[in-house]
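Visitor: Heads up: the protein sequence lines correspond to chains A, B and C, in order.
If you're matching positions, the first sequence starts at 283 in the numbering used here and goes up one per residue.
If you're matching positions, the second sequence starts at 3 in the numbering used here and goes up one per residue.
If you're matching positions, the third sequence starts at 5 in the numbering used here and goes up one per residue.
Note that these hints are calculated values from the structure, not bench results.
Warning: the hint list may mix true and false statements.
[Stated by the list, open to error] According to the in silico footprint, chain A covers these stretches of chain C (three or more CB under 8 Å from chain A):
| id | stretch |
| --- | --- |
| 1 | 63-77 |
| 2 | 162-171 |
| 3 | 185-195 |
| 4 | 207-220 |
| 5 | 247-254 |
| 6 | 260-266 |
| 7 | 274-284 |
Glycine included, C-beta positions come from ideal geometry on N, C-alpha and C.
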Amino acid sequence: MQTVGRTRTHFLIRAWTVFVVLAIYLPIACGALAGLSKGRYFAFPVRIFSTEWWGKTLDSFEIHVLVQNSVLIALIVTVLSVLFAFFGALAFARYPWKGRRAFQRLLLLPIFFPQPVLGLALLLWFNALGISPSWKTAVVAHLVWIVPVVTLVIAIQVFSFDPVLEEAASDLGASRLFTLRTVTLPILWPGIWSGALFAFLLSWGNFPLSLYTAGADSTIPKWLYSKMVAGYTPMVPALGTMSTLTAAALLLGGGLIRLLIRRRAELRAREG
Amino acid sequence: MSSVAASSLSDSSAAPKTPRPVLQLVDVRKVFDGFAAVDGISLDIEEGEFVTIVGPSGSGKTTLLRMLAGLESPSGGYITLRGELINDVPSNRRPTCLVFQSLALFPHMTVGDNIEFPLRVRKMAPEERRRRALELMAKVRLPEDYYAKNVMLCSGGEKQRVALARAFAYDPDVLFFDEPLSALDYKLKKLLEKELKDLHRESGKTFVYITHSLEEAMVMSDRIGVMRAGKVVQIGTPEQIYSTPADRFVAEFFGEVNVVPIRRTEGGWLRRDGKPVAVAPGLSIDGDEASVVIRPEYMRFVTEEAGADNTLSGTIFNEYSLGSRLQYQIRSRTGRTFLVEVPRAAAWKGDGEVTIGWDAANAIVVGG
Amino acid sequence: MADGSLSAPAPKLTPGFRASLPVLFLLVAGFLAPLVTVAAYAFATPKSFDVFRSFTLQNFAAIFDPQNTVWTSFAWALALAFCCVAILLIVCYPIAFGLNKVFGKWSGLVSVLFVFPLFVSENVRLYGWVLFFIKNGVLDGALKWFGFSGGPELLYTPGITLFGMVYVYLPFMLFPMTLGIAMIPRDLVDAARDLGAGRMMIWREVELPLAMPGILIGALLTFVLAAGAVAEAKILGGQSVITITQDIEVAFTYAQNWPLGSALALILVLIVSGLALAAMARLDLDKILGKR
């Protein structure tokens, strides 16, 4: 009897999950639909499909600048946040030290903080320092909340890393650098890779921080917002869809690379 | 040289005599936040010796080993290797190697890569490295085709051998072992103990091994040091430690024993029940409290034909089979439990009310 | 606060402290310093930029003036955040349970499906809902196509704002909750069943208390984020609801009254960080993240 009840519960859980997943992707699908319809104003059902607005979006110089800004910011944020977060994760998870618990809590605070408020606070701070906002200040703003996220991602990997391995390497004569290169980094690599992916994607899609801290420089989400509030064109859903697809491609590509590396390692192991 | 170290040296009658110890510890201590994990240890370890340090968990034996391997630096005292002070020499500059309790095999490397790691550190050429790794694998009895195997897919015993081969690849003067066999099942453990002993003999290297298992220590060691609360309470050959424990702690640590507390009076030593105790002549104990320690195999059933120097009566309440031997638990009149171990052929045939006893020559009297 | 023990002088630089320095520098310069600036501005003369040169409580007086209706923004923000958390608890629990115990080898894929939206800017996703609910949009158009008289007027209401929040913050509830449920040792549930406990009792007495740290983090995270939300109210809610963050934004931008905006922000930050710190003080992060 219990198993019957359990199967039914499991069925309901599965059905509910499918429903929620569909709901999550519904608006993204609506956006894709709007970007591909020919009319200036969106109406459902779509009468004529066309790639006209996609073409216009791809040709627009204004949008090229946006994409450049977004990519540039995301790349710099990725490199810097992985550097910061690698050491941050060691402090978070690897070493037992006196201030560790306080450090762990401080690190979480930016994540537990409304981003629009953080953006406005940073705007004030930059102003107080006499720095005029631009894409560079947006990089700093992104770092403030992306570094903690990436630190957590890498820290999860560090938690499963046995520090005895480093001691063993040292005991076998390896220098610190050699140990880092041959033992620590290869084992933490999956976490670092995920962290880098997270950093790029979170920066790429960030809106509230860019809105207040990028000054006159615009990013894709910022531009989309300005057009949503005033001056809808089908380029808005078109660009939104492109941005989403880019993120999806990156996530998929990143996952595939990881999978390939693991497969290769497994294959090598099985040959032995 | 300190007199403490000199006196410990005189105990090492079974160790090969060489002019100078390879590893020398003088009053080594390690303090963590005011707590002395290692509290003044002096010890000489001879070239080619197999020394085992035993002690319960928390006795400081792992800390001691980590200092010897260079993974902790001592808070006081001196550690010298072939006469050179190595207190603050980092582990990667010491010609010593530790086999960790967890083995610390690199999970992202193959068996071959693991063994070659110390050779890569030395920038040995790849072909040369491979040749040496295969040589070592043969030495620890690992099949050649394991060279490219993922180390995480190896069994417990195989991992053990990889760790050993890796340590040997480093070609250390002294090898340290931190209970590497503790996670294995009994049979495999016995096999590896023998192999380790063989390897020790063949290589002629100095081994320092720590464990909390008496059995492991007895099987493999030339000398055994017993640690308690950061101090070495006794060091000697397995035979010495077993037959003449320095105190009750050592006696109890080395297996099941019967303990009879005794008290000095003007009329000689008395048991708690007031009966006099026959002790071996020439006993010298400081203080008025002592314990008689009798191993279960020296305790026997007393009958009219076969008497004993000391006797007490009680009731059998349990009987265990130890394979070829039988062990009886006997509760005395005073409520203490005694163990009597006899060959299966000499099983007790009488009823539950028994008299047991021991001879003074088979008992050890220790202080406290 | 957290930095109390951090600023205590470290006599020698332990490896852990040294490793924390880059992040510590970033957080001090990019997080704590801006907050201090906000706090300083909150006490500056209204509508001026005299930060650190004037000290007045006028901004707070203005906020707490009964004539001022800014409290409604606070009330809306906190009420919406509270409802959002309550709804998400119910929406996410079955999914989090499923990720741990039901989906098996599919749970990796399901997790990715829930993570991915985090990488799409929230305004893009919210705008998708506008296209769904708008007149002649997907819902309205589809209903008309089927012969109905058209979809309900849902857009630009407080309800849809709440819906948008639930939608945007769902992953922030789901993942901590999933981690929390993963912390329940299987043995304990089996033991409880073996001792004769029914399903409800196991859930109430064993599963829920053990999963609580994760659930608490999820609830806290979503509450804090929802309390500071602004995009949902603007894009979906069509300003039918003014949240506190929007008031702050207006004070900073159109009104050019930085001191007032800072005072509002300071109050919000105090509410939010008070909650966050109180809850975090009870959690052992090593245990939650490091399943060693």
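Visitor: Now, for every hint given, state plainly whether the structure supports it.
Guide: Here's how the hints hold up against the structure:
{"no.": "1", "hint": "63-77", "in the structure": "violated (count 0)"}
{"no.": "2", "hint": "162-171", "in the structure": "violated (count 1)"}
{"no.": "3", "hint": "185-195", "in the structure": "violated (count 0)"}
{"no.": "4", "hint": "207-220", "in the structure": "violated (count 0)"}
{"no.": "5", "hint": "247-254", "in the structure": "holds (count 3)"}
{"no.": "6", "hint": "260-266", "in the structure": "holds (count 3)"}
{"no.": "7", "hint": "274-284", "in the structure": "holds (count 5)"}
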